[in-house]
Amino acid sequence: DSGVTQTPKHLITATGQRVTLRCSPRSGDLSVYWYQQSLDQGLQFLIQYYNGEERAKGNILERFSAQQFPDLHSELNLSSLELGDSALYFCASRPYTNTGELFFGEGSRLTVL
Amino acid sequence: AQSVTQLGSHVSVSEGALVLLRCNYSSSVPPYLFWYVQYPNQGLQLLLKYTTGATLVKGINGFEAEFKKSETSFHLTKPSAHMSDAAEYFCAVTPMEYGNKLVFGAGTILRVKS
Numbered sequence: 001d002s003g004v005t006q007t008p009k010h011l012i013t014a015t016g017q018r019v020t021l022r023c024s025p026r027s028g029d030l031s032v033y034w035y036q037q038s039l040d041q042g043l044q045f046l047i048q049y050y051n052g053e054e055r056a057k058g059n060i061l062e063r064f065s066a067q068q069f070p071d072l073h074s075e076l077n078l079s080s081l082e083l084g085d086s087a088l089y090f091c092a093s094r095p096y097t098n099t100g101e102l103f104f105g106e107g108s109r110l111t112v113l
Numbered sequence: 001a002q003s004v005t006q007l008g009s010h011v012s013v014s015e016g017a018l019v020l021l022r023c024n025y026s027s028s029v030p031p032y033l034f035w036y037v038q039y040p041n042q043g044l045q046l047l048l049k050y051t052t053g054a055t056l057v058k059g060i061n062g063f064e065a066e067f068k069k070s071e072t073s074f075h076l077t078k079p080s081a082h083m084s085d086a087a088e089y090f091c092a093v094t095p096m097e098y099g100n101k102l103v104f105g106a107g108t109i110l111r112v113k114s
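Chains as they are written, first to last, in this note's numbering: chain A, 1 to 113; chain B, 1 to 114.
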């Protein structure tokens, strides 16, 4: 158990819909990262937050957005869903040490039909 | 910029045989290097990491990796494969500056034959 909690574990929805994925980082970790894992793209960095502020953006579509709340949990919002958005979405948190590792949650598997 | 190349998307070994998963990286600054393992329907678990100091690092489940700066490599090895090692393995790199993202390789699926 990494200490990072993601909900829901599985989500099935239709094209055009909007979903919200939730992440609670490990206790004490201020940084949250979101990654997308798909068969064709592999593990792609989406976005990073540190203590409520956006720090870095990766390959995140304009239809996607995220935020980190004062209690440090984070939400990833995916809207106008397309079939190609079907993937495993991981949240990870990072301890405040200068060694770089991330601790990953078990992911939210999104299926868009 | 950082990037990671994992040679071989699939590796198959017999139980008890040596496991060697290859990883080469490109980094403009001194990197931190990691190996993660992903079992089916699970998240990524940290196997081992290289930060500074000893270039041969030991991880969980009997795995180890050696950082070779001259070869820009960080290959993962295990002397004797076990059936439970079957999983997907990811090499990752990040620069030695706090707050940066991990950049992952494409992954190598390890199959262990009985």
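Incorrect hints may appear among the rest.
[What the hints assert, rightly or not] Simulated restraints, written as ranges between beta carbons of each label pair:
(1) A:Leu61 - B:Gly8: 27 to 37 Å
(2) B:Ala106 - A:Ser79: 26 to 36 Å
(3) B:Leu56 - A:Gln44: 45 to 55 Å
(4) B:Ala106 - A:Arg63: 44 to 54 Å
[To be verified] Which chain B residues face chain A? A few, computed with CB under 7 Å, are given here:
(5) Gly8
(6) Gly43
(7) Leu44
(8) Thr51
(9) Leu102
(10) Phe104
Derived by calculation from the structure, the hints in this document are not laboratory data.
All C-beta atoms, glycine included, are put in the ideal place defined by N, C-alpha and C.
### Hints the structure fails to honour
Of the numbered hints given earlier, those the structure breaks are 3, 4 and 5, listed in rising order.
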